[in-house]
Amino acid sequence: MVPHGRARRLRWRAGVCEGIPRRARARLPDAAGRRAGAVRRVFAAADHAPAAPRPGLRLDHHRHVFRRHALSHARLDHLAAREARPLERRRLVRHDLRRRAPRAGADHLLRTDSMARVLVIRGGAVGDFILTMPALRLLGESLPQCQIEVLGYPGIASLAVKAGLAASTRALEHGGMARLFAKGAEVEEALADYLRGFNMVVSYLFDPDGVFRDNLARAGVKTLIECPHQVRPGQGHAALQLARPLERLAIFADEPGWRRPFFPGPEVSEHSLPLIAIHPGSGSEKKNWPLERWLHVAAELRAARPELRVVFITGEAEEARGLIQQIPAGEERWHMLPLTELAGRLARCAAFLGHDSGISHLAAACGLPCLLLFGPTDPALWAPPQEGVRVLPSESGLLTGLDAGRVSRTARAWLEEITAKGKSVL
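Quick note: the working numbering has the sequence shown finishing at residue 612, numbered continuously throughout.
No lab work stands behind these hints, which were simulated from the structure alone.
Since the model is a prediction, treat every value here as computed from it, not as a measurement.
Any given hint could be a false lead.
What the hints assert, rightly or not - Cross-link-like lysine to aspartate or glutamate pairs, in silico, EDC-like; alpha carbons within 16 Å at most:
no.: 1; residue 1: Lys472; residue 2: Asp564
no.: 2; residue 1: Lys607; residue 2: Glu573
no.: 3; residue 1: Lys473; residue 2: Glu581
no.: 4; residue 1: Lys348; residue 2: Glu527
no.: 5; residue 1: Lys473; residue 2: Glu573
no.: 6; residue 1: Lys369; residue 2: Asp393
no.: 7; residue 1: Lys408; residue 2: Glu441
no.: 8; residue 1: Lys369; residue 2: Asp400
no.: 9; residue 1: Lys369; residue 2: Asp395
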């Protein structure tokens, strides 16, 4: 392959590497057909190997050449589908198949004399937002020259700033935004100026009739990437589905990068008491295990490991269900903490137990080993994708089908396992 920066197009039938100096080109054999390594070359005979390249002409047998760019193996699976795309989309991504370099498919949208700005609009609950954070990180890492702002619910969207994924946030619930959902409504000039200030808008809002899209266009937004507001079974993990619209910009989620935690905390001191966090709630009664069983598990863990500290995490949902009064006064609690503060505390814990909930996603995003009870929801779709997450499903689909003894035994064995692997100071 020629040095980086020169044209790298192979004319397959003629066997000519364009952009190679004539003297170096003369060293390449005549065309016929054979594959050398991962780069398609053409030789006169199967046993005719290429001549040694001149200095400055590096032949890389582990990469493909497509137009002007070298492609890694991970990009090849996208080439077959590329030819089936409409011509307009093919033009958008025709130079965008490199892995680590900025993508021209997005760059041509973001080219400006000042720093490019991207607005990501995301509502939803805590878990929904955290599942969107891999897409935010992917966008920021693929387009490092951009400044990303999040329009969402302040208490939740602030997690993106804490994780370093966004420079700032703005509240989704201010009055002027409501007009964007009314057909033909007049957009406030201040809001229109704000929206026009972004080179690209990425929206996860529900817009079945295109009213929001049309109003953004009338406000002066030039480029809008519409993303699903909800995920569908059978189409991959929720986080991957939420990141998939970025493929229009030739930005793809790579394994295992999208599974990385967002708030890895400091190493837990070996001289401190190991802290186990339990969140006994979720956004749905059907996804909750009875509180008295969680209290039983906490007592069993302390009996087996007297050095353990157990803390219960509670919030508005648990308060509305009357669970706060049912937790004994002697139990340690973290109640109604801001999510950014809770993330900091969770990052210093040794392990976490909970349900399919937003707080469980937050714990996994902190890099914690997690044991999660799943009932009616599908863990293949909804479980946190981070390494160290263990799911204990109910065969009946109802969490009431999990007895306290089974969960206690599983939790004790799980804690011993993560201790043996060195993932905890338990």
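- Ascending list of hint numbers which this structure does not respect: Per hint list: 5 and 7 violated.
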